[in-house]
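Colleague: Now for the letters of each chain:
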Amino acid sequence: MILSNRQKKYSLIIVFLLAAGVSGAWAIYGAEIKDSGVKHLRVVFTEDPSSHAIVSWTSFSRTQENILYFDTVSRDAELSRYNFEQKEVRSGKITMTSMDKSEGVPEGFYNHAEINKLEAGKKYYFVVKSGDSVSKEHYFITGSRNSTSSKFLWGGDSRLGGEKPRYAGRTPHTDRQNMNKRMRILFESNPDIIALFHGADYGSTANWRHLYWWFEDHQLTTTKDNRILPLVISKGNHDEAIGFLENFWLGDISSENVNSYYYTTLLGEDAVIITLNTETIIGGKQKEWLIDELEKYRHSKRWVLVNYHRPAYPATKDFYDFTFARVRQTWTPIFDKYLVDLALESDGHVLKRTVPILEGKENKDGIVYIGEGGLGVPQRKVDPTLWFIQPPGMGGSTNHVHLISLTTEELKLQAIDENGKVVDEYSRQPRKL
Amino acid sequence: MNKTTLFEPLMFGRISIFIYVVGLYLSLNSGSVLGSVLFMDYGVPVDQSKQIEKTIAAIFLILGFISLMPKIWYGIPLVGIGAFILAYLTQDFGGGFFTKWSLISHSPRYLLPFGLVFLTFENTKKVGIQLFRVGVVLVFFIHGLESLQSHPYFAEYILNSFEYVGIPVHEDQALLMMKIIGGIDILVAALVLFSPSVFIYAWASFWVLITFVIRFLSFGWLMHKEVLLRWPNLVLPLILLSIMLIEGKKKNNESVFQT
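Taken in sequence, the protein lines are chains A and B. Residue 15 in UniProt numbering sits at position 15 of the first sequence, and the numbers go up by one each step. Residue 121 in UniProt numbering sits at position 121 of the second sequence, and the numbers go up by one each step.
Check each hint, because a few of them may be wrong.
[Claimed, not checked] With a straight-line cut-off of 20 Å between C-alpha atoms, the simulated DMTMM-like cross-links for lysine to aspartate or glutamate are:
id: 1; chain 1: A; residue 1: Lys381; chain 2: B; residue 2: Asp41
id: 2; chain 1: B; residue 1: Lys50; chain 2: A; residue 2: Asp383
id: 3; chain 1: A; residue 1: Lys381; chain 2: B; residue 2: Asp47
id: 4; chain 1: B; residue 1: Lys54; chain 2: A; residue 2: Glu85
id: 5; chain 1: A; residue 1: Lys287; chain 2: B; residue 2: Glu8
id: 6; chain 1: A; residue 1: Lys287; chain 2: B; residue 2: Asp92
id: 7; chain 1: B; residue 1: Lys250; chain 2: B; residue 2: Glu8
id: 8; chain 1: A; residue 1: Lys287; chain 2: A; residue 2: Asp336
id: 9; chain 1: B; residue 1: Lys50; chain 2: A; residue 2: Asp318
id: 10; chain 1: A; residue 1: Lys285; chain 2: B; residue 2: Glu171
id: 11; chain 1: B; residue 1: Lys50; chain 2: A; residue 2: Glu78
id: 12; chain 1: A; residue 1: Lys364; chain 2: A; residue 2: Glu409
id: 13; chain 1: B; residue 1: Lys54; chain 2: A; residue 2: Glu47
id: 14; chain 1: A; residue 1: Lys93; chain 2: A; residue 2: Glu246
id: 15; chain 1: A; residue 1: Lys136; chain 2: A; residue 2: Asp71
id: 16; chain 1: A; residue 1: Lys123; chain 2: A; residue 2: Glu47
id: 17; chain 1: A; residue 1: Lys301; chain 2: A; residue 2: Glu410
id: 18; chain 1: A; residue 1: Lys93; chain 2: A; residue 2: Glu47
id: 19; chain 1: A; residue 1: Lys285; chain 2: B; residue 2: Glu8
id: 20; chain 1: A; residue 1: Lys285; chain 2: B; residue 2: Asp172
id: 21; chain 1: A; residue 1: Lys122; chain 2: A; residue 2: Glu85
id: 22; chain 1: A; residue 1: Lys117; chain 2: A; residue 2: Glu246
id: 23; chain 1: A; residue 1: Lys136; chain 2: A; residue 2: Glu47
id: 24; chain 1: A; residue 1: Lys287; chain 2: B; residue 2: Asp41
id: 25; chain 1: A; residue 1: Lys101; chain 2: B; residue 2: Asp92
id: 26; chain 1: A; residue 1: Lys117; chain 2: A; residue 2: Asp318
id: 27; chain 1: A; residue 1: Lys412; chain 2: A; residue 2: Glu425
id: 28; chain 1: A; residue 1: Lys381; chain 2: A; residue 2: Glu410
id: 29; chain 1: B; residue 1: Lys54; chain 2: A; residue 2: Glu137
id: 30; chain 1: A; residue 1: Lys432; chain 2: A; residue 2: Asp321
id: 31; chain 1: A; residue 1: Lys285; chain 2: A; residue 2: Asp132
id: 32; chain 1: A; residue 1: Lys87; chain 2: A; residue 2: Asp71
id: 33; chain 1: A; residue 1: Lys287; chain 2: A; residue 2: Glu246
id: 34; chain 1: A; residue 1: Lys39; chain 2: A; residue 2: Asp76
[Unchecked claim] To give an idea of the interface, some chain B residues facing chain A are shown, with a C-beta separation under 7 Å as derived from the structure:
id: 35; residue: Ser30
id: 36; residue: Pro77
id: 37; residue: Asp92
id: 38; residue: Pro152
id: 39; residue: Gly166
id: 40; residue: Glu247
Hints in this document: simulated from the structure, not taken from any laboratory. Bear in mind the structure is a predicted one, so any value in this text is a computation, not a measurement. Built from N, CA and C at the ideal position, the CB exists for glycine as well.
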């Protein structure tokens with residue numbers, strides 16, 4: 001085919017425009033995923049939020065100089081004015097799979113600064129520095145040591161959320177972002193919230209293409225005045241990849257079992273939350289440890305709660321599936337024996353609150369199991385025939401976060417959806433043991 | 001292809017496919033990885049996902065019944081294709097212990113049907129036997145590896161079954177046992193690969209049976225679905241054992257087991 005000069009000219013213009021379009025799109029796409037400096041600031045509490053925290057962040061270039069500067073008064077990010085610094089920062093390159101690379105998330109480095117002997121109930125202002133990059137100043141508030149009341153957020157399953165595209169790993173996760181914005185509003189209107197206890201399954205995997213966006217979205221929980229919502233971490237069945245260990249390091253100072261992701265968090269004088277790990281051996285050492293903890297705390301604390309990922313009483317998945325039966329068989333007899341006050345479960349992607357259950361049957365003195373995960377993840381439907389979600393229990397299908405307050409008089413919880421509507425409420429008085 | 005007279009291992013294989021399909025039917029009906037993938041990854045409404053699962057479960061059951069008919073073989077590879085797809089989805093979707101190796105650990109589930117089709121015809125019989133051998137090698141190798149890496153479920157099976165029989169063991173002891181078991185499993189895989197024998201197939205069959213028993217001892221009748229799904233793990237070494245014994249009786253000079 002022979003082209004005329006005019007046709008050649010137009011062809012050249014079309015080819016040029018196409019090339020320019022492709023290059024432009026590539027440049028825009030590249031710019032979106034190119035990061036520099038430090039990002040993903042977060043604070044993690046483990047056993048004692050009143051004195052110990054881990055400040056973590058992501059940096060994007062290799063450097064030996066990773067430092068946390070902190071103080072009990074604001075220093076407006078002027079590094080020389082901060083009275084405290086932590087130079088012993090656990091840092092390393094975040095593992096990237098081939099899919100992470102093809103998804104286009106930038107290479108990153110994890111950084112964890114563990115700080116101890118903090119003052120209880122105190123504001124801690126901090127900045128982090130990696131190489132030449134310095135973050136803005138943020139702050140967090142340590143937990144109280146003597147308070148007889150505690151308030152915290154709890155929710156699980158934030159691994160997806162958004163209409164299109166839905167495939168795991170891609171952003172934006174609009175539902176998750178909306179839930180995070182809701183948590184920020186709750187945090188701002190309830191400044192006494194200590195932390196978000198996360199029921200796990202952060203991303204579809206704990207590979208970087210998922211955790212990167214989870215950390216991006218988590219920034220939405222930070223208040224307008226830069227207060228960070230601390231996290232208490234548990235481990236779920238989608239958190240198996242090495243990225244979980246790299247990015248959710250729980251410190252050296254803590255007890256040995258903490259790095260197996262089961263530990264007890266002290267909340268003031270009157271409450272403990274025992275975080276368990278369904279993603280390891282749940283009998284054996286963990287079971288022995290659970291019994292020891294309940295022996296220690298059941299009679300000395302007014303409120304004893306347990307938090308773990310895989311439910312004993314699944315409200316949507318197969319009740320008889322081994323995955324859940326093993327939790328029921330191994331742990332619930334112990335919960336029953338020590339009469340824990342509330343069990344927090346995730347995994348199913350529904351909203352549920354069971355009737356009080358003791359020895360596998362409804363019993364007014366039994367344990368209520370709540371949750372199943374709704375921090376943005378697409379919601380399934382509960383099985384309405386299940387005996388344990390009949391009134392006074394409930395089941396539903398909406399994203400939610402729980403606001404739980406523990407006082408000397410009562411345990412009160414509200415499940416709140418992304419629009420701020422209270423979709424479930426429950427309260428109970430302390431047990432007379 | 002010349003069709004041979006059906007001999008006992010073939011019928012056992014067909015019955016076993018049916019047993020596996022019953023497990024699959026129960027699994028799909030009560031919610032499986034297929035429903036999760038449809039709902040979570042592709043946004044299919046949850047009710048439709050469940051309906052699709054149930055429909056596929058019914059199709060599998062029909063294929064299972066067809067597999068029982070001695071003169072009809074074409075339903076069998078369809079079961080194999082289905083089992084392969086489910087293994088792939090399990091691996092891709094993740095969310096379970098060692099699901100990253102599901103294509104390998106589930107291999108008997110799809111190699112049983114494929115191998116059985118080859119085994120049906122005299123001129124492809126050797127291919128069938130080799131596929132079965134590959135299945136035994138893979139399943140023992142990967143479970144050995146999982147055992148060496150302290151698979152939590154395996155540890156719980158040991159802890160619970162020992163407790164059941166009144167000899168409680170500590171977690172450290174259970175993990176030590178798993179190291180030994182894992183080593184033996186990998187040795188079995190190597191022997192099946194390089195030096196198959198009646199003894200090694202008998203051991204492999206016996207060991208799979210033991211793993212079924214400890215599942216029941218650990219978590220009771222609820223494990224029936226898990227055991228039905230793993231039925232092909234037992235069938236492959238058993239069929240290889242029976243063929244080897246039959247061949248031995250015939251005293252053929254040329255063994256089909258020569259590599």
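Colleague: Hints first: check each against the structure and report whether it holds.
Modeller: Status of the hints after comparison with the structure:
With a CA separation close to 17 Å, the supplied pair Lys381 of chain A and Asp41 of chain B stays within the 20 Å bound. Taking the CA atoms of Lys50 of chain B and Asp383 of chain A, the gap is about 12 Å. The hint holds against a cut of 20 Å. Between Lys381 of chain A and Asp47 of chain B the CA atoms are separated by roughly 8 Å; this keeps the pair inside 20 Å, and the hint holds. Proposed proximity of Lys54 of chain B and Glu85 of chain A is contradicted: the alpha carbons are some 59 Å apart, above 20 Å.
Proposed proximity of Lys287 of chain A and Glu8 of chain B is contradicted: the alpha carbons are some 48 Å apart, above 20 Å. Between Lys287 of chain A and Asp92 of chain B the alpha-carbon distance is near 31 Å, which puts this suggested pair outside the 20 Å criterion. The hinted pair formed by Lys250 of chain B and Glu8 of chain B meets the criterion: a straight-line CA distance of about 15 Å does not exceed 20 Å. For the suggested pair Lys287 of chain A and Asp336 of chain A, the alpha carbons sit about 14 Å apart, so the restraint of at most 20 Å is met.
At roughly 12 Å between alpha-carbon atoms, Lys50 of chain B and Asp318 of chain A fall within 20 Å of each other, so this suggested pair holds. With a C-alpha separation of about 6 Å, the suggested pairing of Lys285 of chain A with Glu171 of chain B holds against the 20 Å cut-off. Between Lys50 of chain B and Glu78 of chain A, the direct Cα distance comes to roughly 58 Å. Violation of the 20 Å bound is thereby established for this hinted pair. With a C-alpha separation of about 19 Å, the suggested pair Lys364 of chain A and Glu409 of chain A falls inside the 20 Å cut-off, and the hint holds.
Restraint check for Lys54 of chain B and Glu47 of chain A: the C-alpha separation of about 45 Å exceeds 20 Å, so the hint is violated. For the hint pairing Lys93 of chain A with Glu246 of chain A, the CA-to-CA distance comes to about 9 Å; that is within 20 Å, so the pair holds. Between Lys136 of chain A and Asp71 of chain A the alpha-carbon distance is near 14 Å, which keeps this suggested pair within the 20 Å criterion. Distance check on the hinted pair: Lys123 of chain A and Glu47 of chain A sit about 19 Å apart at the alpha-carbon level, within 20 Å; holds.
Proposed proximity of Lys301 of chain A and Glu410 of chain A is supported: the alpha carbons are some 13 Å apart, at most 20 Å. Of the supplied pair hints, the one linking Lys93 of chain A and Glu47 of chain A is violated, its CA atoms being roughly 27 Å apart against a limit of 20 Å. Under the criterion of a C-alpha separation no larger than 20 Å, the hint pairing Lys285 of chain A with Glu8 of chain B is inconsistent with the structure, at around 48 Å. With a C-alpha separation of about 9 Å, the suggested pairing of Lys285 of chain A with Asp172 of chain B holds against the 20 Å cut-off.
The suggested pairing of Lys122 of chain A with Glu85 of chain A holds, with an alpha-carbon distance near 17 Å, which does not exceed 20 Å. Only pairs whose Cα atoms come within 20 Å are accepted, and Lys117 of chain A paired with Glu246 of chain A is rejected, the gap being roughly 24 Å. A C-alpha spacing of about 27 Å is found between Lys136 of chain A and Glu47 of chain A, which places the hinted pair above 20 Å, so the restraint is violated. At roughly 35 Å between alpha-carbon atoms, Lys287 of chain A and Asp41 of chain B are farther apart than 20 Å, so this suggested pair is violated.
Under the criterion of a C-alpha separation no larger than 20 Å, the hint pairing Lys101 of chain A with Asp92 of chain B is consistent with the structure, at around 17 Å. A threshold of 20 Å between alpha carbons decides the hint, and for Lys117 of chain A with Asp318 of chain A the separation of about 46 Å lies outside it, so the pair is violated. With a CA separation close to 8 Å, the supplied pair Lys412 of chain A and Glu425 of chain A stays within the 20 Å bound. A distance of roughly 30 Å separates the Cα atoms of Lys381 of chain A and Glu410 of chain A; the hinted pair therefore is violated under the 20 Å criterion.
Of the supplied pair hints, the one linking Lys54 of chain B and Glu137 of chain A is violated, its CA atoms being roughly 55 Å apart against a limit of 20 Å. Pair hint Lys432 of chain A plus Asp321 of chain A does not hold up; C-alpha atoms about 35 Å apart against a cutoff of 20 Å. Proximity of Lys285 of chain A to Asp132 of chain A is assessed by CA-CA distance (about 45 Å); at most 20 Å being required, the pair is judged violated. Between Lys87 of chain A and Asp71 of chain A, the direct Cα distance comes to roughly 14 Å. Compliance with the 20 Å bound is thereby established for this hinted pair.
Restraint check for Lys287 of chain A and Glu246 of chain A: not satisfied, since their Cα atoms lie roughly 26 Å apart, outside the 20 Å limit. Restraint check for Lys39 of chain A and Asp76 of chain A: satisfied, since their Cα atoms lie roughly 18 Å apart, inside the 20 Å limit. For Ser30 of chain B, the suggested interface contact is upheld, since its CB lies about 4 Å from the closest CB of chain A, less than 7 Å. A least Cβ separation of about 29 Å between Pro77 of chain B and chain A goes past the 7 Å threshold, and the interface hint is therefore violated.
Interface hint at Asp92 of chain B: violated, since its Cβ lies 10 Å from the closest Cβ of chain A, which is beyond the 7 Å cut-off. Look at Pro152 of chain B: its Cβ gets to within about 5 Å of chain A, closer than 7 Å, so that hint holds up. Taken as an interface hint, Gly166 of chain B does not check out: its beta carbon lies about 16 Å from the nearest beta carbon of chain A, beyond 7 Å. Nearest Cβ of chain A to the Cβ of Glu247 of chain B: about 39 Å, over the 7 Å cut. The hint is violated.
Of the numbered hints stated above, those contradicted by the structure are hints 4, 5, 6, 11, 13, 18, 19, 22, 23, 24, 26, 28, 29, 30, 31, 33, 36, 37, 39 and 40, listed in ascending order.
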